[in-house]
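Visitor: Residues per chain are reported as follows:
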Amino acid sequence: NAGVTQTPKFQVLKTGQSMTLQCAQDMNHEYMSWYRQDPGMGLRLIHYSVGAGITDQGEVPNGYNVSRSTTEDFPLRLLSAAPSQTSVYFCASSFNRQGAGELFFGEGSRLTVL
Amino acid sequence: GQQVMQIPQYQHVQEGEDFTTYCNSSTTLSNIQWYKQRPGGHPVFLIQLVKSGEVKKQKRLTFQFGEAKKNSSLHITATQTTDVGTYFCAGPKYGGGSNYKLTFGKGTLLTVNP
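Residue numbers (the numbering used here), protein chains in the order written: chain A, 1 to 114; chain B, 1 to 114.
Only chain B is shown next, with the shape it has when bound in the complex:
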C-alpha cells in the first residue's frame, strides 16, 4: 500500500541555520499537504501542493513538489526559535469509491538552539 516516508526523523540546528525535511511516496500523489505541530499542540495546516514541479513560498518557508509527484520538500531559511516543532507531510490514499484517506509521514522534529 501507499506509504509516505519522511526524513530526517530529527534535526537540531543553531538559530540562523537552514533546515530541510524531505517526503517520499511509493506511489504518485494527486497532491501533498504539510502540517506543523508545536510541542504539546495539535497539527496545523501549512500548505497544499497540487501541480508537478510546484514551488510555493511562505516567508522563510519554501515548499516543493517533485516533477513525478512522488516527493516533496520543506525548506526553512534562517531558522528561528519559533520554528521549533514537528513538520508532517501527508498525501491522500485512495480508499474506494470517492473516498480518500490522508496518510501522514512520521514527521521531522526540528529543535533550534538559540
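Extracted from the complex, chain A is given alone in its bound form:
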C-alpha cells in the first residue's frame, strides 16, 4: 500500500521562487494536513482540510496556500519562498478528524531556501 506519498523528497529554492509540494493519499481519508518540523520546535500545523473543497489555517499559515480539489490530493504552495521556510514538511491524513484517530504521515519533503 502506498499510503501518503509526498514529492519531492528534497528541494533547493532561491528566495522569491515559488513551488508546490505534492501530497497524495490512497486511503480515502477525508482529513489531510500539512506540518512543518524545525529543530527544537516539534511539528507545527500549517493548513488542514476536512474534505474536498474545505481548507482551514493551522498555527503557522503565513506564506503558504493550499487547495483540496479531490479527496486524494492536498498540495502545499509556496508563492514566494523565504529562508524562514527552510524546513522539513510532512503531509498527513486521517480517517477521523484530527485528534480522533491515527495520523498517517508521508516520508517528508526537505526544503532549503537560499
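If you are wondering where the hints come from, they were derived from the structure by calculation, not from laboratory data.
Every value quoted in this text rests on a predicted model; they were computed, and no experiment measured them.
Fair warning: there could be bad hints in the mix.
Taking CB as the label site, the calculated pair distances span [stated by the list, open to error]: (1) B:Val-44 - A:Thr-70: 23 to 29 Å; (2) B:Val-44 - A:Thr-15: 22 to 28 Å; (3) B:Lys-56 - A:Ser-80: 43 to 49 Å; (4) B:Val-44 - A:Thr-112: 21 to 27 Å; (5) B:Arg-60 - A:Met-27: 28 to 34 Å; (6) B:Lys-70 - A:Lys-9: 33 to 39 Å; (7) B:Thr-82 - A:Phe-95: 24 to 30 Å; (8) B:Lys-57 - A:Pro-39: 27 to 33 Å; (9) A:Met-41 - B:Thr-20: 21 to 27 Å; (10) A:Ala-52 - B:Lys-57: 34 to 40 Å.
Don't be surprised by glycine CBs; every beta carbon is placed ideally from N, CA and C.
Let chain A serve as the given structure and place chain B on it in line with the hints.
Guide: Chain B only, in chain A's frame:
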C-alpha cells in the same frame, strides 16, 4: 491558547536503563496521542489514550493518561537501541465548528548507548 509541553527535551540512557517522557497540557484534553519518529524518518502513531487514568501497555512501553486528562507519560522499560528516536505527544485543540487541530509537543529525543 492550548499548549502541549513535553519534558525532557533530550534523554541519553545506557541500554537496559528505563526511560520516561512527560507531557502536560494547559487545558483538559479529550484524548492524547503518542508518536515515534526515528532519525531521518517520519512520525509513526503509537497509541491513543481517551479515558481518565487510562494505562495501556505495548510490550516494554507503558502509556498513562492522568486523572485530570491534562498530563500523560510514556515509560520504556529496559531500553534497547531500537528505541532511539523522538517521541511526541499530541492533543486535539478545538478549531471551531466540528474542526479540531492536533497540537504536538516539541518531543523528547531519546538516544541509547549500547
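Visitor: Now tell me if each hint is right for this structure.
Guide: Do the hints match the structure? See the list:
1. B:Val-44 - A:Thr-70: 23 to 29 Å: Since Val-44 (chain B) and Thr-70 (chain A) have Cβ atoms about 26 Å apart, the given range 23 to 29 Å holds.
2. B:Val-44 - A:Thr-15: 22 to 28 Å: At roughly 34 Å between Cβ atoms, Thr-15 (chain A) and Val-44 (chain B) fall outside 22 to 28 Å, so the hint is violated.
3. B:Lys-56 - A:Ser-80: 43 to 49 Å: 46 Å, holds
4. B:Val-44 - A:Thr-112: 21 to 27 Å: 25 Å, holds
5. B:Arg-60 - A:Met-27: 28 to 34 Å: Given a distance of about 29 Å, which is inside 28 to 34 Å, the answer is holds.
6. B:Lys-70 - A:Lys-9: 33 to 39 Å: 38 Å, holds
7. B:Thr-82 - A:Phe-95: 24 to 30 Å: Holds - the Cβ-Cβ distance for Thr-82 (chain B) and Phe-95 (chain A), about 28 Å, lies within 24 to 30 Å.
8. B:Lys-57 - A:Pro-39: 27 to 33 Å: 32 Å, holds
9. A:Met-41 - B:Thr-20: 21 to 27 Å: Cβ of Met-41 (chain A) to Cβ of Thr-20 (chain B): about 22 Å, so the range 21 to 27 Å holds.
10. A:Ala-52 - B:Lys-57: 34 to 40 Å: Given a distance of about 39 Å, which is inside 34 to 40 Å, the answer is holds.
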